[in-house]
Amino acid sequence: MKLIHVFAIGLMTVTSLMADYTTIVTRTTPSMQGGKEIFFGTVSDYSNYVTEISKNVAAHGTLGAVDGMSKGAQALARGFYGEGLKYAGAGAAIGIVVGLLDPYVMSMYADQEYMLVRTDGKGELESILFIGDKHPSLSETQIHTILQNK
Amino acid sequence: MMKHILLVITALFFLSGCAEPSKQIETENLPGVENVTESSNHIYTFHGSLKIRGANAIFGEGKPSETLKNAMKPVFYSIAKFGRSKNYKYMAVVNDRFNNLSGYPINSWKALESYMKLYGTKHYRPSITDKGGIENHSRAAVKVVYFKKRPKGLFLWDLEQLERDTRQ
Numbered sequence: 001m002k003l004i005h006v007f008a009i010g011l012m013t014v015t016s017l018m019a020d021y022t023t024i025v026t027r028t029t030p031s032m033q034g035g036k037e038i039f040f041g042t043v044s045d046y047s048n049y050v051t052e053i054s055k056n057v058a059a060h061g062t063l064g065a066v067d068g069m070s071k072g073a074q075a076l077a078r079g080f081y082g083e084g085l086k087y088a089g090a091g092a093a094i095g096i097v098v099g100l101l102d103p104y105v106m107s108m109y110a111d112q113e114y115m116l117v118r119t120d121g122k123g124e125l126e127s128i129l130f131i132g133d134k135h136p137s138l139s140e141t142q143i144h145t146i147l148q149n150k
Numbered sequence: 001m002m003k004h005i006l007l008v009i010t011a012l013f014f015l016s017g018c019a020e021p022s023k024q025i026e027t028e029n030l031p032g033v034e035n036v037t038e039s040s041n042h043i044y045t046f047h048g049s050l051k052i053r054g055a056n057a058i059f060g061e062g063k064p065s066e067t068l069k070n071a072m073k074p075v076f077y078s079i080a081k082f083g084r085s086k087n088y089k090y091m092a093v094v095n096d097r098f099n100n101l102s103g104y105p106i107n108s109w110k111a112l113e114s115y116m117k118l119y120g121t122k123h124y125r126p127s128i129t130d131k132g133g134i135e136n137h138s139r140a141a142v143k144v145v146y147f148k149k150r151p152k153g154l155f156l157w158d159l160e161q162l163e164r165d166t167r168q
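These protein sequence lines map, in sequence, to chains C and U.
Quick note: the first sequence uses my numbering, first residue 1, plus one each step.
Quick note: the second sequence uses my numbering, first residue 1, plus one each step.
Hints listed in this document are in silico derivations from the structure and should not be mistaken for laboratory results.
It is possible that some hints are incorrect.
Unchecked claim - Calculated lysine-lysine pairs in the DSSO-like style (CA-CA distance at most 30 Å, straight line):
#1 U:148 <-> C:55
#2 U:152 <-> C:55
#3 C:150 <-> U:110
#4 C:36 <-> C:122
#5 C:36 <-> U:149
#6 C:55 <-> U:23
#7 C:122 <-> U:89
#8 U:117 <-> C:122
#9 U:149 <-> C:122
#10 U:117 <-> C:150
#11 U:110 <-> C:36
#12 U:149 <-> C:55
#13 U:89 <-> C:55
#14 U:89 <-> C:36
#15 U:81 <-> U:110
#16 U:117 <-> U:89
#17 U:148 <-> C:122
#18 U:110 <-> C:71
#19 C:122 <-> U:110
#20 U:152 <-> C:150
Said to hold, decoys possible - Pairwise CB distance ranges, derived in the manner of DEER restraints:
#21 C:111 <-> U:35: 29 to 35 Å
#22 C:42 <-> U:35: 48 to 54 Å
#23 U:149 <-> C:35: 18 to 24 Å
#24 U:40 <-> C:68: 28 to 34 Å
Even for Gly, the Cβ is constructed at its ideal location relative to N, Cα and C.
One chain only, chain U, in its complex shape (with noise of 0.2 Å):
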């Protein structure tokens, strides 16, 4: 098993250091993500978006944390699906100081709804439109990693549970 770990984990690193440019990956199957990009090192980055307009713009759907939630959600349910039509069952989220992969604990929906609950992101900024209105464009790009078996030891994310929590 351990092996099986430090055989990805060498593959990251090497990987990594390729000049392969990103591919783009179909999402017309996958609701809520404007686009999926796949680098050399394996590693999906779905980024997704939600623009408000108007007074909820300022004070948000009720609060910062529930138009980040419904910012979060369809990305995270498109990361489910995308990985399980791959027949993965697991994944990492390797963003910069949200990452599994360094020990960061949070891996279910519920878990992440806990945190929103209390902490929105720093990219909660309303702002001008051009036409004069108030705008708050939450954006979420999550990096993750997939697996087809569970290393032990690592706060991985499981894609059935995960899609279940996040159907909408």
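Pulled out of the complex, with its shape left as it was, chain C reads as follows (with noise of 0.2 Å):
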């Protein structure tokens, strides 16, 4: 290994431990406790997919056939609702209001937003939300890890 290849991984390394970030976790009830993973990927991500799959409960009045749905919203739906997708009142149902507001006026902002969200299999979710500054260091898999272990 050349000196120069020392240097760049000492380099990296350092970088990834200055890395700037918190981690803050919620949850849908404060009784629900760990749980099952069923998303992890970006903010923007999750709300999306939250998104299409209200629509999709609105426009059946249950969960409807989920073949139009992307791929990241069946998994979120499966993790919801279950292998079988058996509409179980499991929540997040509420998105299809996103668009219809007025511009907004105050958003929160961070250059790097991940969230790992777990379900009791009730109903119940537990997020745990990544929050990272604006030169990001850490990878997505690292981010996982540090979000899996919290």
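If you follow the hints, you should be able to join the two separate chains into one complex; please do so.
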């Protein structure tokens, strides 16, 4: 290994250690504890999938055929409703209002926003939010590992 | 329970198409807010602001996040107080990117504070006043929808807890 490679690896390690981030754990109800991971990805993807599922539910009065939904939304729907996609009142159904609101006037923002969502299988959720700074030096795999250990 | 959620969705969906103008809400007993409006689809918008002048307008009150927090706290207190006065127990923030109804998970003042410690908002912009001074006018406009019951699986804010956490 050349000296330049050692230097590059060292620099990457240092910048990785310098990454500024925080994690925030929230639950839909305080009594919800842990559970099965049903989603890991960007907050934006999660919102899009929830909205997609919500529109499907609103259009059919129940969860309708999921073939028309994106793969991500289908996977999340399976997380919410189980493998058989049996509509069991798992919530996450009001995203339909998105897009109907007035232009936003306040929004929080971060350069890297990821979330890991777990369910207790009874319709309650736990989210671990990752907020990273504008010089992202953590990979998605690293972020996933951080959140899994929270 | 799910039917209840769907009714709420449907109501919001259809009412949003109505042309009825927003109603102004009396703010006499709501500290820290300039005005509150209720839209035809029952979305309440709470407007608050905080003006800081001099050096703090550039450097913030310690940090930009402190300035933002000071602008936000009374607004969230008023959101909780107003909702509770109408016998609501929960609320969802429905601002564009920060939308609990599309899954945004921050649902307590403590969690919001953690967020603000690392990040401010795009609204932290000092400007020159008419008299040549420096001013930072932080604005908070928070849109909320209230609930009497908590549908499962949504990250909603508990109003009683929020009022406790934001009381000054």
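Results of checking the hints against the structure:
With a CA separation close to 23 Å, the supplied pair residue 148 of chain U and residue 55 of chain C stays within the 30 Å bound. For the proposed pair residue 152 of chain U and residue 55 of chain C, the alpha carbon gap of about 18 Å is at most 30 Å, so the pair holds. Of the supplied pair hints, the one linking residue 150 of chain C and residue 110 of chain U holds, its CA atoms being roughly 17 Å apart against a limit of 30 Å. With a CA separation close to 11 Å, the supplied pair residue 36 of chain C and residue 122 of chain C stays within the 30 Å bound.
For the proposed pair residue 36 of chain C and residue 149 of chain U, the alpha carbon gap of about 26 Å is at most 30 Å, so the pair holds. A hinted pair counts as satisfied when its Cα atoms are at most 30 Å apart, and residue 55 of chain C with residue 23 of chain U qualifies at roughly 28 Å. For the hint pairing residue 122 of chain C with residue 89 of chain U, the CA-to-CA distance comes to about 22 Å; that is within 30 Å, so the pair holds. Of the supplied pair hints, the one linking residue 117 of chain U and residue 122 of chain C is violated, its CA atoms being roughly 33 Å apart against a limit of 30 Å.
Distance hint between residue 149 of chain U and residue 122 of chain C is fulfilled; the C-alpha atoms sit about 17 Å from each other, no more than 30 Å. Note on residue 117 of chain U and residue 150 of chain C: the hinted pairing holds, with a Cα-Cα distance of about 19 Å set against a maximum of 30 Å. The straight-line distance between the Cα atoms of residue 110 of chain U and residue 36 of chain C is roughly 25 Å, inside the 30 Å bound, and the hint therefore holds. Only pairs whose Cα atoms come within 30 Å are accepted, and residue 149 of chain U paired with residue 55 of chain C is accepted, the gap being roughly 22 Å.
With a C-alpha separation of about 26 Å, the suggested pair residue 89 of chain U and residue 55 of chain C falls inside the 30 Å cut-off, and the hint holds. With a C-alpha separation of about 28 Å, the suggested pairing of residue 89 of chain U with residue 36 of chain C holds against the 30 Å cut-off. Annotation: proposed proximity of residue 81 of chain U to residue 110 of chain U holds, straight-line Cα distance about 17 Å (limit 30 Å). For the given pair, residue 117 of chain U sits about 27 Å from residue 89 of chain U by alpha-carbon distance, which is consistent with the 30 Å threshold.
Using a Cα cut-off of 30 Å, the hinted pair residue 148 of chain U and residue 122 of chain C holds, with the two alpha carbons roughly 21 Å apart. Distance restraint check for residue 110 of chain U and residue 71 of chain C: the Cα-Cα separation of roughly 34 Å exceeds the 30 Å cut-off, and the hinted pair is therefore not satisfied. About 26 Å separates the Cα atoms of residue 122 of chain C and residue 110 of chain U, which keeps this hinted pair within 30 Å; it holds. With a C-alpha separation of about 23 Å, the suggested pair residue 152 of chain U and residue 150 of chain C falls inside the 30 Å cut-off, and the hint holds.
As the Cβ distance of residue 111 of chain C to residue 35 of chain U is approximately 33 Å, the hint placing it in 29 to 35 Å holds. Between residue 42 of chain C and residue 35 of chain U the beta carbon distance is about 35 Å. The supplied range of 48 to 54 Å is therefore violated. Restraint check, residue 149 of chain U to residue 35 of chain C: a C-beta distance of roughly 22 Å satisfies the suggested window 18 to 24 Å. The hint said 28 to 34 Å for the Cβ distance between residue 40 of chain U and residue 68 of chain C, and at roughly 31 Å that hint holds.
Going through the hint list in order, the structure does not satisfy hints 8, 18 and 22.
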